[in-house]
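Residue 30 is where the sequence shown starts when you use this note's numbering, and the numbers rise one by one after that.
If you're looking for bench data, these hints aren't it; they were derived computationally from the structure. Misleading hints may appear alongside valid ones.
For lysine-lysine, the following DSBU-like pairs were computed, each having C-alpha atoms within a straight-line distance of at most 30 Å [unchecked claim]:
id, residue 1, residue 2
1, 130, 268
2, 200, 124
3, 130, 267
4, 268, 145
5, 242, 200
6, 244, 200
7, 268, 203
8, 200, 267
9, 203, 124
10, 130, 200
11, 200, 235
12, 130, 203
13, 203, 267
14, 268, 92
15, 268, 235
16, 130, 92
17, 145, 267
18, 244, 268
19, 268, 200
20, 267, 244
21, 235, 203
22, 124, 92
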Amino acid sequence: MLSEFIHYLEAERRYSPLTIRNYRRDIERFIAWLDMTESSFDPRRITTDDVRAWIIARSEQGKIGAAAMNREISSLRALFRWLLRTGVVSHDIMKPIRSLKTPKRLPAFVPESRMKGIVRTCEEETGSFIEDRNTLIIMMLYTCGLRLAELVGIDTDDFSDDFTSLRIRGKGDKERIVPILECVREKILYHLEEIRRQNICVSGEKALFLTLKGKRIPRITVYRIVQRELAQGNVQGKKSPHVLRHTFATHLMNGGADLREIQELLGHASLQATQVYTHNSIAKLREVYTKAHPREKDGK
Numbered sequence: 030m031l032s033e034f035i036h037y038l039e040a041e042r043r044y045s046p047l048t049i050r051n052y053r054r055d056i057e058r059f060i061a062w063l064d065m066t067e068s069s070f071d072p073r074r075i076t077t078d079d080v081r082a083w084i085i086a087r088s089e090q091g092k093i094g095a096a097a098m099n100r101e102i103s104s105l106r107a108l109f110r111w112l113l114r115t116g117v118v119s120h121d122i123m124k125p126i127r128s129l130k131t132p133k134r135l136p137a138f139v140p141e142s143r144m145k146g147i148v149r150t151c152e153e154e155t156g157s158f159i160e161d162r163n164t165l166i167i168m169m170l171y172t173c174g175l176r177l178a179e180l181v182g183i184d185t186d187d188f189s190d191d192f193t194s195l196r197i198r199g200k201g202d203k204e205r206i207v208p209i210l211e212c213v214r215e216k217i218l219y220h221l222e223e224i225r226r227q228n229i230c231v232s233g234e235k236a237l238f239l240t241l242k243g244k245r246i247p248r249i250t251v252y253r254i255v256q257r258e259l260a261q262g263n264v265q266g267k268k269s270p271h272v273l274r275h276t277f278a279t280h281l282m283n284g285g286a287d288l289r290e291i292q293e294l295l296g297h298a299s300l301q302a303t304q305v306y307t308h309n310s311i312a313k314l315r316e317v318y319t320k321a322h323p324r325e326k327d328g329k
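With the sequences and hints as input, model every part of the structure.
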């Protein structure tokens with residue numbers, strides 16, 4: 030039963046391998062908590078109260094936060110919706126289950142003043158394939174608002190003929206087009222020329238970002254590159270590819286971009302996911318107000 034559900038996520042929902050792995054792990058953990066195995070698991074015997082007891086046990090004994098718990102609840106919710114649709118169960122036991130309340134946290138981002146210095150460094154050509162590749166990774170995450178999986182998945186034929194735009198395959202295999210800034214376009218062309226000149230890719234690999242062996246760059250390698258580059262740029266706090274995606278959106282918002290346009294560039298399915306960046310924009314306005322308003326400056 031579980032293997033059929035996983036196949037459904039792969040073939041019909043077109044979820045990423047990482048998302049599918051999380052779904053499988055969450056459901057397997059629930060089945061194990063029920064003291065069942067995949068072969069003995071009978072969803073018709075499971076009740077809403079069983080799920081509530083599991084949530085309490087995971088929250089108290091597992092000591093996981095509300096956000097992580099909600100992801101596990103979401104995995105079960107998807108499973109039982111599929112079971113209802115395929116006729117395995119007669120009603121959805123997850124319908125009465127509500128997600129846990131989570132504290133609102135503003136997305137971490139790099140301040141514009143700090144990001145300008147990082148960009149200036151990235152624009153310099155070093156002559157080293159690895160260093161130039163790494164700085165191009167930073168530039169594309171920041172100027173295109175990409176997710177980690179989207180960046181790693183870029184193929185050279187995803188670009189328009191003149192390399193002024195890029196087709197991105199996002200969550201659920203949803204496509205969107207993002208523009209490429211001229212400074213980034215020049216770095217991409219230089220990067221591709223270096224791949225040819227140094228004969229790095231001899232296998233016909235179409236990936237934009239390669240290892241020295243000509244293979245598509247792994248996600249963990251990109252993650253470490255971003256951590257190192259942001260640390261060298263004296264960025265405080267969290268340092269990850271998603272921080273650069275948040276930075277992209279926050280800087281656009283602060284620059285006056287329309288919320289709908291940012292939603293489209295990020296590939297968000299709903300406007301609600303994009304609205305979190307308005308809070309960062311308000312925080313920026315408050316900071317400017319505090320520094321500039323006469324009454325604030327006089328402490329009155």
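Hints versus structure:
1. 130 <-> 268: Judged against 30 Å, a Cα distance of about 26 Å means the pair holds.
2. 200 <-> 124: At roughly 25 Å apart (the allowed maximum being 30 Å), residue 124 and residue 200 satisfy the hint.
3. 130 <-> 267: holds, 23 Å
4. 268 <-> 145: This hinted pair holds, its Cα atoms lying about 16 Å apart.
5. 242 <-> 200: holds, 29 Å
6. 244 <-> 200: Holds, at roughly 23 Å.
7. 268 <-> 203: Holds. Residue 268 to residue 203 sits at ~27 Å (cutoff 30 Å).
8. 200 <-> 267: holds, 23 Å
9. 203 <-> 124: holds, 27 Å
10. 130 <-> 200: Status holds; Cα separation ~25 Å.
11. 200 <-> 235: holds, 21 Å
12. 130 <-> 203: holds, 29 Å
13. 203 <-> 267: With Cα atoms ~28 Å apart, residue 203 and residue 267 stay inside 30 Å; holds.
14. 268 <-> 92: holds, 25 Å
15. 268 <-> 235: holds, 28 Å
16. 130 <-> 92: Measuring from Cα to Cα gives roughly 15 Å; hence the hint holds.
17. 145 <-> 267: Holds: residue 145 and residue 267 sit about 18 Å apart, inside 30 Å.
18. 244 <-> 268: With Cα atoms ~25 Å apart, residue 244 and residue 268 stay inside 30 Å; holds.
19. 268 <-> 200: Holds - the C-alpha atoms of residue 200 and residue 268 are around 22 Å apart, at most 30 Å.
20. 267 <-> 244: holds, 28 Å
21. 235 <-> 203: Roughly 20 Å between the alpha carbons, so the hint for residue 235 and residue 203 holds.
22. 124 <-> 92: This hinted pair holds, its Cα atoms lying about 24 Å apart.
Of the numbered hints given earlier, the model fails none.
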